[in-house]
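Here the protein sequences come in this chain order: R and F. According to the working numbering, the residues represented by the first sequence are 1 to 223, in order. According to the working numbering, the residues represented by the second sequence are 1 to 307, in order.
If you are wondering where the hints come from, they were derived from the structure by calculation, not from laboratory data. Do not rely on the hints blindly, as some may be mistaken.
When the alpha-carbon atoms are kept at most 27 angstroms apart in a straight line, the in silico DSSO-like pairs for lysine-lysine are as follows [to be verified]: (1) F/Lys233 <-> R/Lys168; (2) F/Lys291 <-> F/Lys263; (3) F/Lys233 <-> R/Lys203; (4) F/Lys224 <-> R/Lys203; (5) F/Lys230 <-> R/Lys166; (6) F/Lys276 <-> F/Lys256; (7) F/Lys136 <-> R/Lys215; (8) R/Lys166 <-> F/Lys142; (9) F/Lys152 <-> R/Lys203; (10) R/Lys203 <-> F/Lys143; (11) R/Lys168 <-> F/Lys121; (12) F/Lys233 <-> F/Lys213; (13) R/Lys187 <-> F/Lys230; (14) R/Lys168 <-> F/Lys213; (15) F/Lys250 <-> R/Lys203; (16) F/Lys137 <-> R/Lys7; (17) F/Lys137 <-> R/Lys203; (18) R/Lys166 <-> F/Lys136; (19) R/Lys203 <-> F/Lys136.
Which stretches of chain R does chain F cover? Using the computed rule of at least three CB atoms under 8 angstroms from a CB of chain F, they are [claimed, not checked]: (20) 18-32; (21) 58-66; (22) 137-143; (23) 193-205.
All values derive from a computational prediction rather than experimental measurement. The beta carbon of each residue, even a glycine, is placed where N, CA and C say it ideally should be.
For reference, the chains in residue letters:
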Amino acid sequence: MIVAQAKPIEDIVTMIDRYDKIILAGCKACVAVCAAGGEKEVGILASAITLARKRDGRAIEIREVTLERQCDPEYVEQIRGFAGDYQAVLSIACGVGVQYMAEHYKTIPALPGLNTSFMGGSLEQGVWSERCQGCGQCILHLTGGICPVTRCSKSLFNGPCGGSSKGKCEVSPEMECGWQLIIDRLKALGEFENRFTELFPIKDWSTSRDGGQRKITREDMKA
Amino acid sequence: MKTGSRLEKVLEKGAFAVTSECGPPRGADPDVIREKGKLLEGVVDAVNITDCQTSVVRMSSLSACLILKEMGFDPILQMVTRDRNRIAIQSDVLGAAALGINNILCLSGDHQRFGDHPQAKNVYDIDSIQLIMTVKKMRDEKKFLNDQEMTKAPVLFIGAAENPFADPLEIRALRLAKKAAAGVEFIQTQCIFNLDRFAEWMREVVDMGLHEKVAILAGVTPLKSVGMGKYMKSQVPGMDVPDAVIERLKGVPKEKQGAEGIKICIETIQRLREMKGVRGVHIMAIEWEEKVSEIAKGADLLPRPKV
Ligand code: SF4
């Protein structure tokens, strides 16, 4: 899923300072799962904003909505009926959702309430970790199912570097060395000998964000 | 392969090579390099110029190389893949060769998290082994990474670093094998304080026959004090400083610890020299360049051979 976290409330309050009628829009997809932008978080954030503004002696009207998904035109259109009555949409979906709001409601400012962070999963209650950078050319079958692009701090393909220490990355003792994980896994699979000794060719990053904004068109699905 | 490299010639002659390094200043003053250079005159066969080591912004390695070249040195251009993509890398390789630089050391570089600009973008378009492949392709095939021909190939002696002390230990010789397969011709190792571990790695390297494909220069660093030893042990990732070394420094009064560090360094070189497969030493006297000649003299490495 896409993992995001709330912006500090002070930042949000500053961002919406000049509005007194806003829509606060959550999303029931990824950001709800990672407890950053679902229905519950919409409620909590609305109260926090109201409180902050009250302290300031300025009331604010907040219309709370939580859409099925903010990355889908069909759902984003669900606020069309009342959007024009408000001065801004504060979206606590991921960056995709904020941009969909902006694209659909041309004259209403779309503001981000979250910092969208990464594609990952949950490790335990309250902990999420990155797994994929969306480079557009998956090589997980060659690296024991562990991604060197994401999990090595230097995205090395022929790691580990000289900074790997007791399974940890040189960047931080809290960070696992991606290459130690790859090596351990290749060994467990009995693939170490043939995979590790091979030189990994230079990657074509043009399928990654480096090639510009990406788009997938499926002719077979087009209406 | 014959390059213009003095280091390559010394190695080919079968002499025990000596290299050292010089960290460029955090400013535009060329005299800092010249002064450091003066301390190494007649003491080394080649000198590395670090490339924004520990991710701290410094004068570019290539510029400092040129300053030393003008003084008569054979500089080794260190190049990290942290800050440059393949376009900049290939361009700098051509530029270095055009300016008469004969050696390159291919590194991935310290992560910028350590440095003075942790906010920087992390490039890593290619890794250090792929940098070796890149330089070799440019030199031997006269081609860019996109397979297009170039007008004149950059003729560089290709080096890399290896850390026999980093984890996982059991893949460290294999990783050297990968570098050899990629085309590396000389290796400078991480600073050696743990001679037993180094000997073990070297044995593996010799068993694999890698010492015949790659000239291995063993890295040494004199410790200035107990504090420096402790710092390197605990704060520098991938550094192995055994307690015995720190204890030995502790055994002498504070003002004599530097001298003891130099003594340890000289003894280390003497032991390294006897190890099969070790073809030279790389003396890294960190901000202590004035001691390199004393170490080289003490280890009986002077005068340097004429080539
Ligand atoms: S320590 Fe491991 S994860 Fe960190 S940069 Fe080096 S190889 Fe990559």
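To test your reading of the hints: which numbers does this structure violate? Going through the list in order, the structure violates hints 3, 4, 6, 7, 8, 12, 13, 14, 15, 16, 18, 20, 21 and 22 and respects the others.
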